[in-house]
Amino acid sequence: MTILVGYLPTPEGAAAVDAGLREGALRGERVIIVNSPRRGAPVDEHMIDDAAGAELLRRAREAGVDAELRQPLHDDDLPETFEQLVRETGATLIVIGLRHRSLVGKFIMGSEAQRILMESSVPVLTVKAAQ
Amino acid sequence: MSMSDPTRPPGAEPAGPPDDDPRRADADLLQAEADRLQAELEEARPPHAGPLSQLSAAVVALAVGVAGAVGSYALGLGRLTQPGPGLWPFAISVVIIVLSAVLVVTGRRLQDTERFSRSSLLTAAGLVTLVALAALLPVIGFEIPSLLLMFVWLRWLGKESWRSSIVISIGAVAAFYVLFVLLLQIPLPRLI
Amino acid sequence: MDISPILEGFGVVLEPANLLYCFVGVIIGMLIGVLPGLGPGATIAILLPITYGIGPVSAIIMLAGIFYGAQYGGTITSVLLRLPGEASSVVTVFDGFALAKQGKAGTALGIAAIGSFIGGTVSILGLTLVAPVVAGFAVDFGPPEYAALGILGVLLISSIGNGNKLKAIIAACVGLLIATVGRDTFTGAERFTFGSLNLAEGIDFIPIAMGLFGLSEILYNLEERHNQVHSPAKVGNVWPSRKDLGQAKGAIGRGSLIGFVLGVLPGGGAVLSSLAAYALEKRRAKQPERFGRGAVEGVAAPETANNAAATSSFIPLLTLGIPANATMALIFGALLIQGIQPGPQLVTEHPDVFWGVVNSMYIGNILLLIMSIPMVGVFVRILRVRPAIMAPITVLITLLGAYTVRNQVYDIFLVIVFGVLGYLMKKFGFEPGPLVLAFVLGSMIESSARQSLLIFGGDPAGFLTRPISGTIFALVLLVALWPLIGRFVRRKTPARVEEKISS
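Residue numbers (the numbering used here), protein chains in the order written: chain A, 956 to 1086; chain B, 15 to 206; chain C, 16 to 518.
Hints listed in this document are in silico derivations from the structure and should not be mistaken for laboratory results. A portion of the hints provided could be inaccurate.
Away from chain C, derived, C-beta distances all over 10 Å, residues of chain A [as the list claims (entries may be wrong)]:
id: 1; residue: Met956
id: 2; residue: Ala969
id: 3; residue: Asp973
id: 4; residue: Val998
id: 5; residue: Glu1000
id: 6; residue: Met1002
id: 7; residue: Arg1014
id: 8; residue: Glu1023
id: 9; residue: Leu1024
id: 10; residue: Arg1054
id: 11; residue: Gln1069
Pairs of lysine-lysine, DSSO-like flavour, derived with a Cα cap of 30 Å [to be verified]:
id: 12; chain 1: A; residue 1: Lys1083; chain 2: C; residue 2: Lys249
id: 13; chain 1: B; residue 1: Lys173; chain 2: C; residue 2: Lys441
id: 14; chain 1: C; residue 1: Lys301; chain 2: C; residue 2: Lys116
id: 15; chain 1: C; residue 1: Lys116; chain 2: C; residue 2: Lys258
id: 16; chain 1: C; residue 1: Lys116; chain 2: C; residue 2: Lys264
Beta carbons are placed, not taken as given, at the ideal position from N, Cα and C, and that holds for glycine.
In isolation and in its complexed conformation, chain A is listed as follows:
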């Protein structure tokens, strides 16, 4: 059994990894950290480099969790990317960070997190950034 953790280099992402690793240790399950950049631009600020990836995996080892990092590209279909990972890995839980946003911000940018919540076929655990 596997847990998918959505990770972006933000406080919310860090909180999601914390929660995901805790959950993984608790259930004794493998954790896949998903850092999915948007396809198209040569650079995506949400894409983490090798050093940051190694650091995440080191934290997982410290927590005693078997973890793996995946960086699949997505277009306008992040929920579908997660669904595919769920099918592929047989994951039973998705952990994502949630950001508090203004109404206007939600309207203009939409919310990937919300779409994952709505479209996921497995339970989704959402966490907020540490205050």
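Following the hints, put chains B and C in place on chain A, whose structure we already have.
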């Protein structure tokens, strides 16, 4: 951008006798490195097409040459002392015919054509929007056709989300309106 | 040498409007140099309609700024992402990216900026000294010499350019053929107009350039899948240390010279000189194995050379009226639009244009140096913009821009037709560059060839007996036959190597 051609003009490399000169080896090695890098960058391109596309390209070029030759012959070649309007285009057409014929024979193994793939359909779709813009522009002004073009390119060719497609296309067309119509006062056909 | 026109040229450049155009050009050049996809050629083509609105000097100053600005912009992505924005920065990748991996991206960029500045400036100095001399030499050229030069130019660009030579020359001939469309200036006969009034006026340069260079590139890029995304790179300190500068000093000096010399050769230019400069440095180095692992010289040499070459490639254009590469063909076209015939008379008849453009490059290079170092961070941010968003905006600028030239929808259709032609050419391995270049030179070659025939009384041997045109035609022959000679030499080489091994 591919730099695969091994034949270099004189002076293209540090001077020196061409044979058994380490300098030449250096330059060749460098060229190979550069080619490899180029190939890596071009991974995103479709694979090269086979001899048939080479042949058809050469035949099309040949046809252009023949058409040019026939057309310019009809214009009248004149004499060298008094060249007619067709002499120069005829001369060029003959060169095209000769070179294309050589290409038909020798070009079959070249690897510089690209296969048409599913994503070529994107180009075709993009082309349709261009023609639609040009056709609609004099009829209903530039605003609506531009908006449609932007939207189609963003949503379907660029796979942006519905929301950002709408927002960006409206924003861009508004910016064009301000720039072209209000600031530069260019007489674009327009609805408003 | 009379330097007062040079000083007046500075007066022209220092007008606030021209300074602004120079600044805008350099900024645009750096931006598109950073962004993969659209190159300087495509950008200049798309912006050609603007040149109608502003004066010739300002227009060329801006277009030139785009051209050499792009040379530096391409460096940034080479170093940070191992992704050369321009072909002339391909070799910079080897050591530039190696330096970036060692956390010295800033050093590489700083060295490249300083090298670019010095290379550019040396080259402008050379241009200032050499160009009037060449122009003075060429001022007595008659129609036969021009016909010969034009043919040599077309041939050189086609044969030195990238890709298959045969295809390039065929493309060039098609360009010459397209140039004949319209009313013949000698006899008044209509050629290939098919009864169309629009075609009777001939085909305008702007829609051809916008279609073949601008739109075709956008259509071609639509097929690309961008499957590589990088994490944001850290630039760090951009100022190179004294030690780095000391190491790069020689490379910058030699790179300037190589770039200047190769840039003058038609078709040579930036790409070739960057390769040659890198090869020379690697060969001269005491420890050649350092190259590819972060040698400062490996960044300094090609970057200096490509900027020097970009600058010196103006020499054939401004003195002989022969564009040395596709971008120069666009600038040639832009000058023609303004009613200015580039050639030996330019320096005497339009000294304001000549010296204005030349001197703007000093200013442009200083702007480049001032902006590049502190603004690297800004340029890196641009890499986060998705091409999918840029593409439709560029398309709209192209199509609406084409319309604004004469307020005719016909021009938009022409751009689309040539855009599709350019796209298909690229798909089938034909470079659009030679076609555009030949189109630009076409009417000049034809009219001077026909005038020459009149002078010679119909005897084409006259081309060969005049010393200068004869020499040029000998060069034409050499260039045309070079592939055969090359093949002969190449066939000989392995045999000799085998001999050596067996003995």
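Check: Among all the numbered hints in the text so far, which are the ones the structure does not match?
Finding: Of the numbered hints, 4, 5 and 6 do not hold.
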